[in-house]
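There are 2 protein chains.
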Amino acid sequence: MLTRVPTKEDILQAANRIQEYIHNTPLLVNESLSSMAGGEVFFKCENLQQIGAFKMRGAMNAALSLSSEQIRKGIATHSSGNHAQAIARAAHLLNTKSFVVMPATAPEIKKAGVRKFGGEIFECEPTLQARENTLREVIKKTGATEIHPFNNYSVIAGQATATLEILEKVRPHFLITPVGGGGLLSGTALACQYFSPETSVIAAEPVGSDDAFRSLQSGKIEPAQSQSIADGLLTTLGDKTFPIIKERVKEIITVSDEEIISAMKQIWLNLKVVTEPSAAVTYAALLARKEKFSQKKIAVILSGGNVDFSKILRDFQ
Amino acid sequence: MLTRVPTKEDILQAANRIQEYIHNTPLLVNESLSSMAGGEVFFKCENLQQIGAFKMRGAMNAALSLSSEQIRKGIATHSSGNHAQAIARAAHLLNTKSFVVMPATAPEIKKAGVRKFGGEIFECEPTLQARENTLREVIKKTGATEIHPFNNYSVIAGQATATLEILEKVRPHFLITPVGGGGLLSGTALACQYFSPETSVIAAEPVGSDDAFRSLQSGKIEPAQSQSIADGLLTTLGDKTFPIIKERVKEIITVSDEEIISAMKQIWLNLKVVTEPSAAVTYAALLARKEKFSQKKIAVILSGGNVDFSKILRDFQ
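Those protein sequence lines, which keep their order, are chains A and B. Residue 149 in this note's numbering sits at position 168 of the first sequence; the count goes up by one each step and never skips. Residue 227 in this note's numbering sits at position 246 of the second sequence; the count goes up by one each step and never skips.
Mixed in with the good hints there might be a few duds.
[What the hints assert, rightly or not] Each computed BS3-like pair below joins lysine-lysine, with the alpha-carbon atoms no more than 27 Å apart: (1) LYS227/B to LYS201/B; (2) LYS78/B to LYS54/B; (3) LYS271/B to LYS(-11)/B; (4) LYS227/B to LYS292/A; (5) LYS97/A to LYS278/B; (6) LYS273/A to LYS97/B.
[Said to hold, decoys possible] Away from chain B, derived, C-beta distances all over 12 Å, residues of chain A: (7) ARG53; (8) ARG152; (9) PRO178; (10) ILE248; (11) ASN251; (12) THR256; (13) LYS273; (14) LYS292; (15) ILE293; (16) ARG295.
Hint data in this document are derived by calculation from the structure and do not stem from the laboratory. Quantities reported herein were computed from a predicted structural model and do not represent experimental measurements. We put the beta carbon where it would ideally sit given N, CA and C, even for glycine.
The task is simple: from the sequences and hints, build the whole structure.
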């Protein structure tokens, strides 16, 4: 796996390496959503990606970067979200094992998503400490290699490939991604620096978990508070992602959960794609700051579409 | 407008004519949905089309086939569904007027969809007789040209272009479309006959409104009964669509509303696209007759994605 900030060549190699295992997802436009925003909006539909999220890119690139001996011993991670499924699918595609540490409280649907690809689940207490300890034990026992959800340069290079696909079709003035741990944002910022320096990268974050926003202000990693419907974005930045972001991302727009739900509903209604709150935060940020984006070309990454329908239904009422 | 069954050239011309006004929609694959079906399934996402349905193709082709004098006087139709919005948008794009006859009982959201594009609505009693009478009066008063939702050769040629786009990417053993009035099915059957005769065209229909199924059996147009969640498929075949279908479509698979809802939920969950019941009927038919499609390549047209969320999400409970 990469031990340095991904270079231009690292990202191009990642794109080439993962190509046969992922979808080159559609870049959709919609008159109503563009008109509401006052600019020309391009939606990169990573919700239509394998396992329903961009996480497949980074997990696959990291797994494919391992030696055959490492691959044979399997890959491991702790995650209760989309990364867990991505790791399980990556291992399945490479005919090896995956070991996923999850809090015992994780929803059954998330566990089923991992088991579907033959992933082995290790349950633990729902604290970061317990997750890290359990993962350490699992790795000691199995010899598997950890693939972190975001604080890993090979994962970051993989996430950057979504932006490569956007840039093959459009050169936007702005590119908006969500920010949680910062893997997608880091990859996006690097890809734009190398391949479209005229594109400004902007992050979108829920106001109830605005740690990345505060980190940019204070100049050091601030801990996340974890209060938002955008459950994929409640993570604190990592020591590999923060420096990349700090240097390249000039602005993070924060939005309320109400704004996220309203944007999500407009996306479902008009674009007709199932979008999770952590993805809709991007379009919410665009609507919240219309004057900035007026008459511009804006690409937004719809990062995932894994939602609990019964919960969403209540939010849409 | 065309006065004969569309030829190969008519369909190619339609594709060329409407190209700049429609999306070339994504053809998506999904491992889970293919595995559930036991074959390789390709979803033609006309739910991601302009106005959220394939109807935009036929309406646009018909409108563009009119003389400039006809266009100036406007276009008219009676419809409470996706065709109404398609006509309104087509007129808007051509800088002319649209006149849409709708039952007074039509949902407000459908009326709003027409008004959004400047369409003028004429309300009437919710009977076919009242709709036809009102349309006749409107046309007499305005001089507008009627564009029928399906019983119109230029509309049929337009709907055929969805199949052209599929065939550019895959040559399936089977192609499944829904059948209501038969416009999409007729266009699909003609396109396959001309451009991929090895592809068998199959229609999918709700068992509660299986008039097309019965019409193929009896050899004459049987009236629809109108009992299904698939509200776009409650229409009786037309005297232009039935002969095309009768000659070219060997099989219509009927499915229950429960099967439609279950298939629709799987599409939302796995493919992450918002699909209306009238579109999910295709995948339901595939699941209902797995042995037939085993190990084959099957394209299904997801015809639209215009749904009432509060209703659909209740069905998902």
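Checking against the hints above, which ones are violated?
-> As far as the earlier hints go, 3, 4, 10, 11, 12, 14, 15, 16 are violated by this structure, in ascending order.
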